[in-house]
Amino acid sequence: MGAYRADDDYDYLFKVVLIGDSGVGKSNLLSRFSRNEFSLESKSTIGVEFATRSIHVEDKVVKAQIWDTAGQERYRAITSAYYRGAVGALLVYDVTRHVTFENVERWLKELRDHTDSNIVIMLVGNKADLRHLRAVSTEDAKAFAEKESTFFMETSALESMNVENAFTEVLTQIYRVVSKKALEAGDDPAALPKGQTINVGSKDDVSAVKKVGCCSS
Amino acid sequence: MASLDITKMWRDPGAPADSFYLVRPECQDVPKSKFRIKNGKTLSERKWRAAFSPEGYLDIGKTLGRIHRGGIHPSIRGEVWEFLLGCYDPKSSHAEREDIRKQRRTQYAILKEECRTMFPVIGSGRYITAPVITEDGDPILDPLVLQESKAAKEAKEATSVTGASDDYEMVKEDDKRVIEWKLSLHQIGLDVARTDRSLVFYEKQENLSKLWDILSVYAWFDKDVNYCQGMSDLCSPMIILLDDEADAFWCFERLMRRLRGNFRYTESSVGVESQLNNLASVTQVIDPKLHQHLDKLGGGDYLFAVRMLMVLFRREFSFCDSLYLWEMMWALEYDPDLFLTYEDPELAADKSEESKSKAKSRQVGKFERENMKNAGKAAEAPLPISVFLVASVLKDKSDKLLTEARGLDDVVKILNDVNGNLDAKKACTGAMKLHRKYLKKAANTHR
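Protein sequence lines, in the order shown, are assigned to chains A and B. When we follow UniProt numbering, the leftmost residue of the first sequence carries the number 1, and every step to the right adds one. When we follow UniProt numbering, the leftmost residue of the second sequence carries the number 1, and every step to the right adds one.
Derived from the structure by calculation, the hints contain no laboratory data. Fair warning: this is a prediction, and the values are worked out from it, not measured in the lab. Treat the hints with caution; some may be incorrect.
[As the list claims (entries may be wrong)] Sample of chain A residues with no beta-carbon within 12 Å of chain B, all distances over it, derived:
#, residue
1, 45
2, 55
3, 109
4, 111
5, 140
6, 144
7, 154
8, 161
9, 164
10, 172
[Claimed, not checked] Computed cross-link-like contacts, BS3-like style, restricted to lysine-lysine with a CA-CA straight-line distance of at most 30 Å:
#, chain 1, residue 1, chain 2, residue 2
11, B, 204, A, 43
12, B, 426, A, 43
13, B, 32, A, 43
14, A, 109, B, 172
15, A, 60, B, 413
16, A, 43, B, 400
17, A, 43, B, 172
18, A, 181, B, 296
19, A, 109, B, 223
20, A, 43, B, 366
21, B, 296, A, 60
22, A, 43, B, 413
23, B, 176, A, 109
24, B, 102, A, 43
25, B, 358, B, 426
26, B, 425, A, 43
27, B, 150, B, 91
28, B, 413, B, 400
29, B, 296, B, 400
Ideal Cβ positions, reconstructed from N, Cα and C, are used throughout, including at glycine.
Let the hints inform the model, and build the full structure from the sequences given.
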């Protein structure tokens, strides 16, 4: 059969979740990053959707499995499955709607309740292209991010501004956490046993999988 | 729409129906419809009218088969759906139905007025997308909301002689139910703004606000469900098919009777999860290998199927094809006592004693007949056809899923590829087959 898909050759698989209020642009951030697409007619997300993309971090191929979900609060009841095994999160708000920034605190709490403390979080202020409608200042968001020790970036999925940077930064940071963990455990990060699962957290699921080329040709 | 020559469409075998639901020219990436209006197969207006006696009694058996074979002609879709969804009893006269329609329109007007009094943007031809209230009941003075409220108030004052006394009041709300309702209004607005926007129909502001009004009134009417994302996808076709807002509301309300279980939620679960469990047990019986594989990949909860079940494949098909799929499903599931079940559940329960003879009746949809034949043998309540539809899509791609899916993202990718090429009719036939197989296997294990 050969390699059934070229992008199946990766060294690490990281699960990243997209969260934030309804209508802040989570799905468009995802489609911009995974397929370089943006839709003005985008629809609300029902349940969960996923997409993947592989990028290079240092000399390694990192495959991001990104989960997108509905923003409405009641869908959060399915969250345990959603957050399970996540090692990174993009917490998105809309810079033109202040209330979506106010709710960031709640999302953060939710994230911390359901995931491991080592999770890499980036606060993302989307729709930065709508300059005349801005309702959240960069300074306020930056100060908040500092206080909460999260990364921060403003993006525009429409203009393709900083989208690549935001995802790449999160994936790079996860990579650092993972390789540091491996070092602390006394392992050479490049020489883990085949297919060993690196648990960034204590969760029992496959979160960051280090894949050693047993079947890659 | 009405300007199309319908008689010409009949003579033309396989006429496309997309002209009934025009897509904005700038929207290129919309899936093409497979549905065709076929002479002798599609339920035509002539056949539909011929199924009524002079008094108005409907011999629905004649039409169910047609709908299953070729769907409903778009020109009569709305009125046929009213029967399929149980808005009306086929064994009623024109006059009786007219009475019910009038009563319902009045009832809707009262509900809507109740909502408008609580929040004056309702019925104003506008809608809001910013929150209007905090969870504690304090009003939020969002400029976007104030602007819409002010405009709504002015419009009201201009038409009312008495002068509106109903200011958008800036007082704290105490009633928990009112708070819950007001909390969902902006969510409805956010979703209305992105529902079927590729259709020309929704270029009109009045149609957007109609969708918002109906969903807002429904959220007040059904307090257990309120509003949940996905409902705008289910409601949108009703507004396009039925001109009268109240008629569209009640047709949507009947659809929700079937589906509201999926949208109910508690702290720890969303209703659709029980349907996902059903899907898991069906797959386990029909294709245990596949179930095992999905479970191994972390998909044993079938979360990837949430959307298909919640909005009945609306996202996987073109607008036109999803309507075709829906009417086939409802024709297969049709039970002539549907109206009675909704209006007078007790009486309907008494009548269900006769289900043995009903199982042979042509007035009953094929899928429902199978369930009736099986009644008593099975321990659980019958499952909806939608579960078998999803199961048949999975079964169809079983080989591919087993050999190629190494992660949940692969599962989703493979399913997305299928869905783009899915044939509504074949999917229904596949679902029926699986259903029979499932009933047989389930009966054997219960023995």
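Quick rundown of the hints versus the structure:
{"no.": "1", "hint": "45", "in the structure": "violated (8 Å)"}
{"no.": "2", "hint": "55", "in the structure": "holds (15 Å)"}
{"no.": "3", "hint": "109", "in the structure": "holds (15 Å)"}
{"no.": "4", "hint": "111", "in the structure": "holds (18 Å)"}
{"no.": "5", "hint": "140", "in the structure": "holds (18 Å)"}
{"no.": "6", "hint": "144", "in the structure": "holds (20 Å)"}
{"no.": "7", "hint": "154", "in the structure": "holds (21 Å)"}
{"no.": "8", "hint": "161", "in the structure": "holds (22 Å)"}
{"no.": "9", "hint": "164", "in the structure": "holds (20 Å)"}
{"no.": "10", "hint": "172", "in the structure": "holds (21 Å)"}
{"no.": "11", "hint": "B:204 to A:43", "in the structure": "holds (18 Å)"}
{"no.": "12", "hint": "B:426 to A:43", "in the structure": "holds (27 Å)"}
{"no.": "13", "hint": "B:32 to A:43", "in the structure": "holds (18 Å)"}
{"no.": "14", "hint": "A:109 to B:172", "in the structure": "holds (27 Å)"}
{"no.": "15", "hint": "A:60 to B:413", "in the structure": "holds (24 Å)"}
{"no.": "16", "hint": "A:43 to B:400", "in the structure": "holds (28 Å)"}
{"no.": "17", "hint": "A:43 to B:172", "in the structure": "violated (34 Å)"}
{"no.": "18", "hint": "A:181 to B:296", "in the structure": "holds (27 Å)"}
{"no.": "19", "hint": "A:109 to B:223", "in the structure": "holds (28 Å)"}
{"no.": "20", "hint": "A:43 to B:366", "in the structure": "violated (34 Å)"}
{"no.": "21", "hint": "B:296 to A:60", "in the structure": "holds (27 Å)"}
{"no.": "22", "hint": "A:43 to B:413", "in the structure": "holds (18 Å)"}
{"no.": "23", "hint": "B:176 to A:109", "in the structure": "holds (25 Å)"}
{"no.": "24", "hint": "B:102 to A:43", "in the structure": "violated (35 Å)"}
{"no.": "25", "hint": "B:358 to B:426", "in the structure": "holds (27 Å)"}
{"no.": "26", "hint": "B:425 to A:43", "in the structure": "holds (26 Å)"}
{"no.": "27", "hint": "B:150 to B:91", "in the structure": "violated (48 Å)"}
{"no.": "28", "hint": "B:413 to B:400", "in the structure": "holds (11 Å)"}
{"no.": "29", "hint": "B:296 to B:400", "in the structure": "holds (16 Å)"}
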